[in-house]
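Take a look at the letters that make up each chain.
2 protein chains.
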Amino acid sequence: MGLADYFPIWDRLTDAERRTLENSVTKRTVPEGTLLHNGSNDCVGLFIICSGQLRAFILSDEGKEVTLYRLFERDICLMSASCMMASIQFDIAIEAEKDSELLMIPKDVYKNLMDSSAIVAGYTNELMASRFSEVMWLVEQIMWKSFDKRLAEFLLAESALEQSETLKITHEKIANHMGTAREVVTRMLRYFQSEGMVGLARGEIRLTNRAALESLAR
Amino acid sequence: MGLADYFPIWDRLTDAERRTLENSVTKRTVPEGTLLHNGSNDCVGLFIICSGQLRAFILSDEGKEVTLYRLFERDICLMSASCMMASIQFDIAIEAEKDSELLMIPKDVYKNLMDSSAIVAGYTNELMASRFSEVMWLVEQIMWKSFDKRLAEFLLAESALEQSETLKITHEKIANHMGTAREVVTRMLRYFQSEGMVGLARGEIRLTNRAALESLAR
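Quick mapping for you: the protein sequence lines, in order, are chains A and B. Going letter by letter, the first sequence gives residues 0 to 217 in numbering that gives the first Met the number 0. Going letter by letter, the second sequence gives residues 0 to 217 in numbering that gives the first Met the number 0.
Worth flagging that the hints you see were computed from the coordinates, not collected in a lab. Worth double-checking, as some hints may not be accurate.
Remember, identical chains collapse to one label, so a pair may be satisfied in a single copy or spanning two.
To be verified - Subject to a maximum C-alpha distance of 27 Å in a straight line, what follows is the list of computed DSS-like cross-link-like pairs (lysine-lysine): (1) K167 / K63; (2) K144 / K172; (3) K148 / K63; (4) K26 / K110; (5) K144 / K63.
All chains, please: the whole structure from these sequences, using the hints.
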């Protein structure tokens, strides 16, 4: 688990740049639930995900959450170093959604590289464009898909992610992901159950008619 | 009207880079309503706005629109050259919302500069971060603000933009801006009228109680 394996532009860096990165990178192992970044309060650096899963979300004044995107093995979390860029004018929170092994590049080190290397700056551009694209996808979902379609899509995505037909997730947690109230989720899940698409048990949702969910999500 | 006046990082470019830009930049004068960019179909280059106003929006399959952000004098439109970056995976449309004078930097010229200059690449990063921030603001609006607050805020923003208490805009157009149906806008405007906050006439909305709108928007 080293930068040479996980940092995509490693081969395009100079020896001096590689040494700078190698001398400053640190490993972090964090348990599920760890809050790694919270708005503009902290800004430690970039995280490279060696294993595990991170979730980026926003939080309203009333404590409501919306999941913006998730990051998986080999993804790079740029927004945990968002203070590097003056024009990022929003607060984002990042948490470990599973136990995760991370490589952390301190923000000052990365910022220096970005300021001197067109390759690093260009790569950073692509990273930001990827996250921007995920948020744009979310905007389209919110504006143009009704809630039943969004929920069906969410259940299918979770099932693919967990590689299981049984999701161990509370209605509360789904509501947080989707930026809605728990009651709204519960009502729709009960409708799905009445249509035979899911089976509900305490803390568990079983996908019982995947084809119907897929046709709804489409 | 030249690059030296309108391109913010002009002073930080080399002589060779300035010559490259000066030899490729073109002036365009476009009337209100001109569609300058439409998804991935065209990708001409960056527009620098010398005068006028551009609007960036997305379009659903059914023809519904949502305004993402607007660009004003001295702003730079990066998304009309979105094909420069492989990771931009969404389609955006850009139209002139007023008669506009633009400087256009062809995308290949800009891409070459960005690939060789950390300064240009870093500046591009800041441009993208600005637009990303505007979209994040929109996400927060949609998720957490009820429609009455959003509409009040929209009317106040339009009034500030036009420097007038009387807005010449149709309900249809407002609906397009906000990604909702005309009926929803009309219903809410009638409620605002009944509360004495606005006066409605054909093709016109007069702000009659700005304080009430402001307190609603807050």
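Going through the earlier hints one by one, which of them does the structure break, listed in rising order? Checked against the structure, no hint fails, so every one of them is satisfied.
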